[in-house]
Amino acid sequence: MEKMTVYTGKPVILERDHVDTDQIIPKQFLKRIERTGFGRYVFFDWRFHADGTERDDFELNQPEAKGATILLAGENFGCGSSREHAPWALGDYGFKVILASSFADIFHQNCLQNGILPITLEKETLASLKEFIRKTPLDLTVDLPNQELRAQENVLARFDIHPYWKNMLINGWDEIELTLQYNEEINQYEQRILA
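Just so you know, we're using the working numbering here: the sequence shown kicks off at 1050 and counts up by one.
Simulated from the structure, these hints should not be mistaken for laboratory data. Careful, some of the hints might be misleading.
[Said to hold, decoys possible] Derived pair list, reagent style BS3-like, types lysine-lysine, alpha-carbon separation capped at 30 angstroms:
{"hint": "1", "residue 1": "LYS1179", "residue 2": "LYS1145"}
{"hint": "2", "residue 1": "LYS1215", "residue 2": "LYS1059"}
{"hint": "3", "residue 1": "LYS1215", "residue 2": "LYS1145"}
{"hint": "4", "residue 1": "LYS1172", "residue 2": "LYS1215"}
[Claimed, not checked] Distance ranges between label pairs, derived from CB positions:
{"hint": "5", "residue 1": "ASP1066", "residue 2": "GLU1234", "range": "41 to 47 angstroms"}
{"hint": "6", "residue 1": "THR1085", "residue 2": "ALA1176", "range": "33 to 39 angstroms"}
{"hint": "7", "residue 1": "ASN1236", "residue 2": "PHE1107", "range": "50 to 56 angstroms"}
{"hint": "8", "residue 1": "GLU1051", "residue 2": "GLY1101", "range": "29 to 35 angstroms"}
All residues carry an ideal CB built from backbone N, CA and C; glycine is no exception.
Can you build the whole structure from these sequences, using the hints too?
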C-alpha cells in the first residue's frame, strides 16, 4: 500500500448525504475481481446520461473539479452494501482522502484497508470547511502525523484517527504486510507446536 504522511490535493464538494455504495459504484460494474479499472464507473448514474455523455449538473463534472483527489461529502457516506468495490472505484478515480460528518462502518474500514483516508469531522466543522473552499479554492493539505487539515499555512481543522490505522497508513502497510513482518516468529511457533 502507498504511504501517506503529508498529502496535498485538490478538494471537491459532493453536497449530498447518505451516498450509498450502489451510487458510488453501481452493481452492473461488479463483474470483475481486479481492484483497478473501476474509476471510470464511479458515481456512474450521477456522472453520465443514458447515452454516455457527461451530466453538466453533477459536481465532479464541473471544470474546477477535474483532478480533485480530496472528496468532501456529507453524512453517512458509504452506506448500503458492504462492497469493497466502492473504495476501489474511489481510489482508482484518484481520491486519496474523503471527509464526511459520518461514514458507514464497513465502508470506513474498507477505505482504510485500501489506502484511502476517511476523516470524520463534526457537521459544523465540515460545513465551515466547505464554505472556506467555496470562497477560497485552494488545495488542502492533510497532515496525517499531526492530524491536521491545512490550506497553505492555516490550520482549518484537526481530526482523530485510531493509532493503529494512523501507523498503518504512514508506513504504507496493509494487514498482510503487517503479518509478514512476524513471519519468522510465526514459523518458529509452528515448528515448536509441531515438534
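Distance restraint hint 29 to 35 angstroms, applied to the beta-carbon atoms of GLU1051 and GLY1101: 31 angstroms, holds
Decide if the proposed pair is consistent with the structure: LYS1179 and LYS1145, CA atoms, cutoff 30 angstroms inclusive. Status holds; Cα separation ~18 angstroms.
Below or equal to 30 angstroms on CA atoms is what counts here, so check LYS1215 against LYS1145. 14 angstroms, holds
Hint consistency between LYS1215 and LYS1059 [alpha-carbon to alpha-carbon, up to 30 angstroms]: The given pair, whose Cα atoms are some 22 angstroms apart, holds under the 30 angstroms limit.
Is it true that ASP1066 and GLU1234 lie within 41 to 47 angstroms of each other by Cβ? Holds: the Cβ-Cβ distance is about 46 angstroms, inside 41 to 47 angstroms.
Is LYS1172 within 30 angstroms of LYS1215, Cα to Cα? At roughly 22 angstroms apart (the allowed maximum being 30 angstroms), LYS1215 and LYS1172 satisfy the hint.
Given the range 33 to 39 angstroms, decide if the beta-carbon distance of THR1085 to ALA1176 lies inside it. Because 34 angstroms falls inside the window, the suggested range holds.
Starting from the hint 50 to 56 angstroms, judge whether the C-beta atoms of ASN1236 and PHE1107 obey it. 52 angstroms, holds
When each numbered hint is compared with the structure, no violation occurs for any of them.
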